[in-house]
Amino acid sequence: TCHLCGSALQYHPGYQTEHPWFEHATSGLTGDGQHCPYVNPDPSEVRLVKRLQRWVPEALPVVRKADRHCTNCGSDYYGERYCLTCHTGEYSTEINTLA
1 TCHLCGSALQ YHPGYQTEHP WFEHATSGLT GDGQHCPYVN PDPSEVRLVK
51 RLQRWVPEAL PVVRKADRHC TNCGSDYYGE RYCLTCHTGE YSTEINTLA
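In UniProt numbering, the protein residues as written are 1 to 99.
One thing to keep in mind: the hints can contain errors.
As the list claims (entries may be wrong) - Here are the simulated lysine to aspartate or glutamate pairs, DMTMM-like style, with alpha carbons at most 25 Å apart:
id : residue 1 : residue 2
1  : Lys50     : Glu90
2  : Lys65     : Asp32
3  : Lys65     : Glu90
4  : Lys50     : Asp76
5  : Lys65     : Glu94
6  : Lys65     : Glu80
7  : Lys65     : Glu45
8  : Lys50     : Glu80
9  : Lys50     : Glu23
10 : Lys65     : Glu23
11 : Lys50     : Glu18
12 : Lys65     : Asp76
None of these hints come from the bench; they were simulated from the model.
Please read these numbers as outputs of a predicted model, since none were measured by experiment.
Produce the entire structure from the sequences given, and follow the hints as far as they go.
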C-alpha cells in the first residue's frame, strides 16, 4: 500500500530494459488516493525533473523528509511535503529544528 494515501499498489517486475517498480492500482484508489502526489504529481515538479534529466538522464527525484508544519490546518508532521489532513503540500513548510 502507498505510505501516503493507503491505496493499493501494483508491482511490476524488472525487465531487461528497466528496474522493477510499483504504481498505484487503477482500481484500488482510496479517497485520499485521488489527491496523492504520486497519482497526480505537481506539473511544475514534473517539468523540473524533465529539465534535469536532459542533462543527467539517470537522475531521479529525491524525496526529502523533514519535520513540517501545515499552516492551513495547523498539523505538525514528519515526512514528505504532503499534509495528509489537507491532501496537499501547498501549505506545508519545513520546521527548522536547529533554532
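Checklist entry - Are the Cα positions of Lys50 and Glu23 separated by 25 Å at most? => result 19 Å, holds
Next on the checklist: Tell me if the straight-line CA distance from Lys65 to Glu90 falls inside 25 Å.
Outcome noted: With Cα atoms ~15 Å apart, Lys65 and Glu90 stay inside 25 Å; holds.
Checklist entry - Is the hinted pair Lys65 and Glu94 satisfied, with a Cα-Cα distance of at most 25 Å? => result 9 Å, holds
Checklist entry - Between Lys50 and Glu90, is the straight-line Cα distance small enough, at 25 Å or below? => result Cα-Cα ~21 Å, so holds.
Checklist entry - Within a Cα-Cα threshold of 25 Å, do Lys65 and Glu23 meet the stated pairing? => result 20 Å, holds
Item to check | Holds or violated: Lys65 to Asp32, with C-alpha atoms at most 25 Å apart | outcome: 20 Å, holds
Next on the checklist: Tell me if the straight-line CA distance from Lys50 to Glu80 falls inside 25 Å.
Outcome noted: Holds, at about 20 Å.
Checklist entry - Is the Cα-Cα distance between Lys50 and Asp76 25 Å or less? => result Roughly 31 Å separates the two Cα atoms, so the pair is violated.
Checklist entry - Is the straight-line distance between the alpha-carbon of Lys50 and that of Glu18 25 Å or less? => result At roughly 18 Å apart (the allowed maximum being 25 Å), Glu18 and Lys50 satisfy the hint.
Checklist entry - Are Lys65 and Glu45 close enough, with their CA atoms no more than 25 Å apart? => result 16 Å, holds
Item to check | 25 Å Cα cutoff - pair Lys65, Glu80 | outcome: Measuring from Cα to Cα gives roughly 5 Å; hence the hint holds.
Checklist entry - Between Lys65 and Asp76, does the CA-CA distance stay at or below 25 Å? => result Distance ~13 Å between Lys65 and Asp76 Cα, so the pair holds.
Hint 4 alone, counting from the list given before, is not met by this structure.
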